[in-house]
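Once you have looked at the hints, place chain B on chain A.
Here are the chains, one letter per residue:
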Amino acid sequence: MKEYKTINKIAGPLIFVEKTEPVGFGELVTITLPDGSVKRGQVLDTSKEVVVVQVFEGTRGIDSSSTVRFTGDIVRLPCSKDMLGRVLSGSGDPIDGGPKIVPEERREIIGAAINPYARQYPREFIQTGISAIDGMNTLVRGQKLPIFSGSGLPHNDIALQIARQAKVRGGGEEFAVIFAAMGITHEEAYQFMKDFERTGALERAVVFLNLADDPAIERILTPRMALTAAEFLAYEYDLHVLVILTDMTNYCEALREMSAAREEVPGRRGYPGYMYTDLATIYERAGRIRGRKGTITQFPILTMPGDDITHPIPDLTGYITEGQIVLSRELHAKGIYPPIDVLPSLSRLMKEGIGEGMTRDDHVQWNDQMYAAYAEGVDLRGLVAIVGEEALSERDRKFLRFADEFEKRFVQQGKYEDRDIEYTLDLGWELLAMLPESELTKIEKKYIEKYHPAYKKKGETKVEAAEAAA
Amino acid sequence: MEVKTAGKVGEVYRVSGPLVVAEGISPRMYDVCYVGEEGLMGEVVGIVGNKTLVQVYEDTSGIKPGDRVENTGMPLSVELGPGLIKSFYDGVQRPLPALKEASGDFISRGIHVPGLDRNQKWDFKPIVKKGDKIKGGDIIGIVQESELVEHKILAPPKLGERTITEIYDGSFTVEDTIAVLDDGTELKMYHKWPVREARPYQEKLPPVIPLITGQRILDTMFPVAKGGTAAIPGPFGSGKTVTQHQLAKWSDARIVVYIGCGERGNEMTEVLEEFPELIDPRSGKPLMERTVLIANTSNMPVAAREASVYTGITIAEYFRDMGYDVSIMADSTSRWAEAMREISGRLEEMPGEEGYPAYLASRIAEFYERAGRVKTLCGEVGSVTVVGAVSPPGGDFSEPVTQNTLRIVKVFWALDAKLAARRHFPAINWLQSYSLYVDTLKEWYEQNVAPDWGELRRWAMEVLQEEANLQEIVQLVGSDALPESQRVLLEVARLIREVFLQQYAYHPVDSYCSPQKQYDLLKAIKTLNDWFYKALDQGKLIDEILEVPGKEEFARAKFEENYKAAMEEAMNKIKSALLGE
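In order, the protein sequence lines correspond to chains A and B.
Numbering that gives the first Met the number 0 numbers the first residue of the first sequence as 0 and each following residue consecutively.
Numbering that gives the first Met the number 0 numbers the first residue of the second sequence as 0 and each following residue consecutively.
The shape of chain A in the complex, shown without the other chains (with noise of 0.2 Å):
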């Protein structure tokens, strides 16, 4: 083992030693200080002359003094099925109280790229029991798809209520959850954790916890811990596992923490120029792989600073994610949970993930028409907002009150309303039934015989059966 008292520069997380034998680059560094604790670093840069080591624990309490040893090997994180219903610090560590993990294997937590030639189309409906989700914006099995947050708004709810609800139909197997918190409060982390407890999620979880109050730099790691053990149950065991990562944009600020250290050339808003490359690290490790049976599905959280989706965090984000679902602070005032704005989300893989065989045979033109007709219903708010109600036409105002309702009745549910897709598909149809049958123009007439309301008996849709029982 090499090991060095030559530190001659220490900056924000960074330290550089000088003097020492070949390092290689990505390095698992140890720094013991004087007072004999122990921290851990990665080499980021490495040359004859000086090494430049990022500190995870921060830097605080080093000195010129601290010893600085080598290890010769690169981060690795020890990975075993017990990992399961177990609570680990954001660099991987127990922090349940519970033993040490005894690894079956020790996985580099940067992944290697999956090739493109070796993975397989993620085409299987997951249900997660909320209307606007599993209707307008459906996931897939091995999708990753974030939700755009901002402050204050109920993304943590969600996050749970899908981690509770998320199903296969028919597969009758549930998803192991990965859960990494990266930078939130205590408070948050503590609803998480109880809810997991409460629900007796955490026997099929892992939950990687930094806080706001743990070193910034380990949140660096915090994800690729949990997308390496993610990997390992996936691909060694079979399972289906869910990732929640949040809050991604603590992530970001990290990152950004750690290029100004490094006196990088920063990109926009200060943002290293690389962070969509290291963003796409992380997303990319969502996914499903030809001939094996575990999957990864990525639930990645980020709140929008000043809720602006044009910020370099959801601008980056979106460009690698498989579409968005994202939250309106309008909605939320409203009252209405979740507060899913339907018309700047999107799920890119739902095209292949639903209709006849999957969801149903109408949810296709259904969708189209849902979303055609809702987002007509918005525009003429703002015509009203100038005109008043009285000045719009008979037809206008059905697509006016088509708005209201799709937030009322179809958006709006309850924190542990769990429902089927055939509920959610007949629910639209119920809305949809609010407008001229002559408008429907997305949909196949066939389709309209079969489900629209006035071709039914009452009682027969699944959103009657479920009233008449209520």
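FYI, nobody ran anything at the bench for these hints, they're computed from the structure.
None of the values given here were measured: they were computed from a predicted structure.
Check the hints yourself; a few may be wrong.
[Stated by the list, open to error] Calculated pairs, DSS-like style, for lysine-lysine (alpha carbon to alpha carbon, straight line, at most 27 Å): (1) A:Lys-292 / B:Lys-99; (2) A:Lys-333 / B:Lys-417; (3) A:Lys-444 / B:Lys-563; (4) B:Lys-191 / B:Lys-124; (5) A:Lys-47 / B:Lys-7; (6) A:Lys-455 / A:Lys-407; (7) A:Lys-461 / A:Lys-407; (8) B:Lys-417 / A:Lys-407; (9) B:Lys-191 / B:Lys-99.
[To be verified] Taking beta-carbon pairs under 7 Å as the criterion, some of the chain A residues facing chain B (in silico): (10) Pro-21; (11) Asn-114; (12) Tyr-120; (13) Tyr-275; (14) Thr-276; (15) Ala-374; (16) Val-383; (17) Gly-387.
Beta carbons are placed, not taken as given, at the ideal position from N, Cα and C, and that holds for glycine.
Relative to the frame of chain A, chain B by itself:
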């Protein structure tokens, strides 16, 4: 091509991410180097004193100062010969299926696989004979590479005039000698070409033939010429990728090169699963039989992403040199520009606008200038059409990549997130988009489709423009307040938008629309327009006109295999209701 410098071995001085500084090699710019024991591939991007800056195409974890660096003395090159078609390459022409065989489902590093299969045998039929004189770029023989592609074997472009002393007919691998020249040079079925250098041609020709894409808004409204350049900028979620896929599927180029540059892995998988099943509407054969795919997804090494667009365009130029029309889709050139920025940042170069290197504009221009319709060295006519997707951050078209691209391309297909949100697809904004080829291509359309094509197109654009003006008023006072003739115009504009411009990529019939059908549809809308106004003149009430029966059937006619009959039936219904004829 000549190889002068013998490989020279030096050692690593510094490693910082994908950038390695080496000592003790005497390279030229853009020479390829192999770094470390594993031989990670890299390219020389800078020389400072005795130090050489090498950008490495693979993950550099574990590389340390003192590790071996070998300079090959050759620039980054691709192998051009039979075996390209149906291939699926990464950014530096390594076949991804071969990588999977070598390293499993995940790409590990230091794997070297040649771009062309060394074992596959091809039936080579010479078309020149012993004693013939040939020069660089000449066709010396033919290989039937796939059902759709007759691969013409070219003499390397830089070859001077020589006489053939031996030429063989038969089944060979790409490494076998197929001909010998009077100076002893042995020709093989493939040659190498440096990717950053445009392949030579005799002269550029004017772009006067349209690239038919089967997409109504593109072909009729904003056509691109064979050998032209087009850009599709769009915020995420506006259907950019679907539009690119539609172009790759349906455009009437003989060869399609599709570059997935820094995009999603699942999207490439979709292309890979879909293309072999799609049937080319003209030949009835799978589209894959004419396609070369290049994928460097966003999580694959950034330096190879930078190289991928050059790899793609070099392959495109090679097929052009055989006399083919080639179209190349680059999705997305923003990712390519960002890769440049990332590497430039690591090189600590002085940044230009938004951190992009100052040479961004010239690199983009250089790339698009490699498009064109040309007379090749062997006298054939071939073309390379470049369609580049741009992903402007935050959908802001004023950012440097979009702006520099617009300065050079001739066609602009502006994608609009608002249209996408209303499920108007393709979400191409008809007011913002433009094509500078409309006038040069008019002649072709008028000769091959209909004499009044130009007139009809102009009429449709006028209606749409007028609609946009009226919409502003409607926003304020509602449509009921408009005079009757303007309400008819709004209705006609709606028909143009919904029946003509909207096209369903996933509908088996509507996905592709022939130029004739495009013309027929638009002509029919124009006829309805005339009837509407005639009916109005004859005193019909505006509401009767707007709610005339048969319009729905008319709107659905485009989905029918026999659209003409369906359209005619609907129009008769409308006509009898409107004019009583």
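Hints and how they fare:
Distance check on the hinted pair: Lys-292 (chain A) and Lys-99 (chain B) sit about 18 Å apart at the alpha-carbon level, within 27 Å; holds. With a CA separation close to 24 Å, the supplied pair Lys-333 (chain A) and Lys-417 (chain B) stays within the 27 Å bound. A hinted pair counts as satisfied when its Cα atoms are at most 27 Å apart, and Lys-444 (chain A) with Lys-563 (chain B) qualifies at roughly 21 Å. Distance hint between Lys-191 (chain B) and Lys-124 (chain B) is fulfilled; the C-alpha atoms sit about 21 Å from each other, no more than 27 Å.
At most 27 Å may separate the alpha-carbon atoms for a hinted pair to count; Lys-47 (chain A) and Lys-7 (chain B) meet this at roughly 21 Å. Between Lys-455 (chain A) and Lys-407 (chain A) the CA atoms are separated by roughly 24 Å; this keeps the pair inside 27 Å, and the hint holds. As the CA atoms of Lys-461 (chain A) and Lys-407 (chain A) are separated by approximately 18 Å, the hinted pair is consistent with the 27 Å bound. A C-alpha spacing of about 23 Å is found between Lys-417 (chain B) and Lys-407 (chain A), which places the hinted pair at or below 27 Å, so the restraint holds.
Proximity of Lys-191 (chain B) to Lys-99 (chain B) is assessed by CA-CA distance (about 24 Å); at most 27 Å being required, the pair is judged to hold. A cut of 7 Å between beta carbons decides the hint on Pro-21 (chain A): the least distance to chain B is about 4 Å, and the hint holds. Interface restraint check: Asn-114 (chain A) against chain B, minimum CB-CB distance 5 Å, threshold 7 Å, status holds. For Tyr-120 (chain A), the interface hint holds, since its Cβ comes within 7 Å of a Cβ in chain B; the closest pair sits about 5 Å apart.
For Tyr-275 (chain A), the suggested interface contact is upheld, since its CB lies about 6 Å from the closest CB of chain B, less than 7 Å. Look at Thr-276 (chain A): its Cβ gets to within about 5 Å of chain B, closer than 7 Å, so that hint holds up. For Ala-374 (chain A), the shortest C-beta to C-beta distance to chain B is roughly 5 Å, which falls under 7 Å, so the interface hint holds. Using the Cβ-Cβ criterion of 7 Å, the hint placing Val-383 (chain A) at the interface with chain B is not satisfied: the shortest such distance is roughly 10 Å.
A distance limit of 7 Å between C-beta atoms decides the matter here; for Gly-387 (chain A) the minimum to chain B is near 10 Å, and the interface restraint is violated.
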